[in-house]
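Be aware that the sequence shown starts at 1, since it is given in the numbering used here, and climbs by one per residue.
Derived from the structure by calculation, the hints contain no laboratory data.
We treat Cβ as the ideally placed atom computed from N, Cα and C, and that holds for glycine.
Derived DSS-like pairs: lysine-lysine, alpha-carbon spacing no greater than 25 Å straight-line:
id : residue 1 : residue 2
1  : Lys626    : Lys636
2  : Lys598    : Lys583
3  : Lys692    : Lys811
4  : Lys191    : Lys258
5  : Lys808    : Lys130
What follows is a set of in silico ranges between Cβ atoms, one per label pair, in the way DEER data are often shown:
id : residue 1 : residue 2 : range
6  : Ile416    : Ser19     : 31 to 39 Å
7  : Ala146    : Ser792    : 51 to 59 Å
8  : Gly594    : Lys696    : 25 to 33 Å
9  : Ser30     : Leu545    : 45 to 53 Å
10 : Pro766    : Tyr221    : 51 to 59 Å
11 : Ile948    : Ile23     : 43 to 51 Å
12 : Ala146    : Ile842    : 52 to 60 Å
13 : Ile349    : Gln306    : 40 to 48 Å
14 : Val628    : Glu409    : 46 to 54 Å
15 : Lys945    : Thr13     : 29 to 37 Å
16 : Leu521    : Ser30     : 45 to 53 Å
17 : Ala146    : Ala380    : 46 to 54 Å
18 : Asn839    : Ala146    : 49 to 57 Å
19 : Lys264    : Ser30     : 52 to 60 Å
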Amino acid sequence: MSISDISVKKPVTLLMLLSIVVIFGFISLSRLSVDLFPDLEIPIIAVITQYSGAGPKEVEKTITKLIESTVSGVNNIDHISSTSREGTSTVLINFKWGANIESLTGDIREKLDIIKDALPDDAGVPMLFKFSPSMMPIMMLGLKAAGDADMEALYNLADEKIKTKFEQVSGIANVSVIGGLKKQIHVDVSKNRLQAYGLDINRITQLLYGENQNQAGGNVYEGVFKYVVRTVGEFKNLEDIGNIIVTTTRNNIPVKLKDLAEIKYGYDEESGIIRINQEDGLLIQLFKETGLNTVQTAKGAKKQLQELRETLPPGLDFEILFDSSDDINRAINGVVDAALQGTFFAVLILMLFLWNIRTVLIIGISIPTSIIVTFIAMYALGVNLNMISLSGLALGVGMMVDCSIVVLENIFHYRIKGLGRFSSAAKGANEVALAVSASTITTIVIFVPFLIVEGLVKEIFWDLALTVSISLLASLIVSITLIPMLSSKMMSMEENRLFKPAEEWFKAFFESFEKKYENLLRRALANKKKIVIGTLVPTFVIGGLILAFIGKEGFPQNDQGEFIMNAAFPPGTRIEYTEAMTKNMEKEIKEITGSTLKIMSVQIKGGGMFAAFMGSADYKASIRVKLVPVTQRKIKVNEVIEQVRQRMQKYPAKITVRNQGGMMFGNSGGMFAIEIRGDELDSANKLAEEIKGVLKTIKGIREPEIEKDDQLPEISLAINRDLASKVGINALTIANAVKTGFGGKVSTTMKNDNGSDIDIIVRFRPSDRVSIDDIMSLCLPAPSGQLVPLASIINSEKTFSPTGINRKDSKRIINVNADIYGRAVDKVVKDAKEAIDKNVFIPRGFDLVYGGSYKDMQESFSDLRMAFLLALVLVYAVMASQFESLLAPFVVMFCVPFGAVGALIMTFIAGKTFSIISACGIVILVGIVINNGIILVDYMNQLMKEKIKPDEA
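Kindly generate the complete structure, drawing on both the sequences and the hints.
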């Protein structure tokens, strides 16, 4: 007895099982997390270390090289790359695909713990970032103040109240505040007074740390009581700090710190500048816990935001700069709409052929049932609801109807022949059960290679392949169980008078079409060789030509209405000038965008992801622009970007403007990079300049730049070791004195009134740290007690250092980067390669490596080719097993070129590029083509078993 027979004979049992499935399905759906993309485990770990005030060379020497050598022994490393910028070291550890990133993160953290004492005292703790969608904030808020705002009060409000409130929201893991004025205590030491007492400024930092201590002192006993002893020495106010005794005079008169320095409240100069819609403000970033529902977390955050809005002082307001839940809801709604449209048209087509409302209703019941079963499997396998998995479910909806229609149509066929409801339901389902099972398995096999290949393709489309496969298996089970059972109960052969005229017209039309098709088919069968050669050859030729001429890219750009403009003024530019120029840029962007502008935010210096990856510097600014939705504007975002590019050319800054609509994964989205590898730095710089000049002539390339073509002005202090040794002063003493006196050093902290810590910064007063003369006139105490002027043991030289030093696998490299705009990536790279080969001489010992979007595209297409070939082999194996023939599968597989080339033709006509997304679409289309072919061939085989001639069958 088959499963279809059981379903027909035991409908109550099946109904109870179905009820349980529905209950579990809705429970599973309620527990599925919702995100924009799958939680990708991209095999990259970033180690980011802040070292405020240090130049690129110092960062490279003291931090980057140390971290590189320390982590190089970790398993599964593909390569290590790094960038040393002013104040920031970024080391990217690229692992092989499939590596266990969670375990490797622990290994790296252990390695870094070993060297933490070897890092400079002023360096921050190395921070580890895993590259996944969860590392990005789910929401960015701007807290803006109208008019002249008290930025200290604004920062305190955000740090003490707003941050705490958001951290209490369920699902929020971390909240960061960027901008505003962070309070500090400045101990501005008089250089002359310090030297008059023969002191070194680092003596002040040591004293402050030593005096600012609360320590437990054990226990003492008095009678029946035990007392805990505690030494209390922590600073409570500025007066406590000023009363520290630094030294004594010859007459034993104490010299206090307030006699040597001005002690006052000040602000952190590294806080950065944030502007929201041309008003001062600060940035609040919300990060969620990994694995939790983004939409629900964002909903809770927005509820908290509304409550906070009501308590804000007058003149303050929030702006939502970025909300990932909006993108998620928009994407999910789009996919759901597509699925509903597909379902509607499937039911409509079925109605046109069957003209039986009850029969169509059976299909209508089967679709949600299959979807509910899919939700159970998704929850069990840990697949969340995202744009990729829902796309798979939408595709599954279209394909899952196929099985049900085939079974239902066959049952309907036997009802027309006069069989009873139960007999026709069982016989109709059993007769095609093998065919629909084989076609479903064949379609699923198409997706198996996506789960086998390594790389970005697997990581992205794992959810799609899994969801499609699950939904197809669910639809297969539904088609051979629920469909026969419902048919035996609901299918009626009574004529529907309401649709009778339309039914008769359509049947007449379709019978006429069938006759014409039959005549055409008989002619084709009479000329098999001519038809095969006459169709296959042109198909392959057309397909080859389109592949040769169609543009190719990794992930297509789309219009999300967002772009980011980065401006880098000449290195050394003061932050006040950067801010003034950026304000002018804001006004011009406002003029260009007009009523289409929704939100504009500016960041100069400061922390967050901007500082970590772009480098935090006084001369760099980032402007993020968000337009109104595309349905509310006539102009495209790329047109706005082009206008902004043109308008910004007059500013003395390097401007890059990037559309955020293509930044889905990795470098994809327009970035083009050439990596120059070679040991000779001067030759590498010269080669980079030549390549940059050539790239400027290539159509489709915008803003070519060399990552290290700017030089940062610096003063180099060279120590005369012989002279320094004679007076007993070493290099570390000199370096620490200059670093503390002119750069400032956090010596300790003091508790604020609200319990938070305030940094105490020691440095020379502003008038003592103006020029190189102030450095050279600094005197250090020698062991003999003699004061030694730095001018007598060091030589100073004004020089330049690179703004960023790039390294790969412990060797320096130079990158030439550009943006691709208006043309397909492969066309641009082809022209660039040809122009460089023709016009640029590559010296011996140098190599050029093309990266960015092109590298991503090449690797992804290579993985897709492998997946496609594996899919064809597996499909052939399944069909050969089903037909028990080595030749019969080729009948079906000859359909593949027509479907694939047809898709390419439509892509070409529509003016679209051939991307990873369209390639995956073609693979899915092949599955549908083969699915239909199998059912046809299987039915023909059944007819031939009934002694019908092959041509007639």
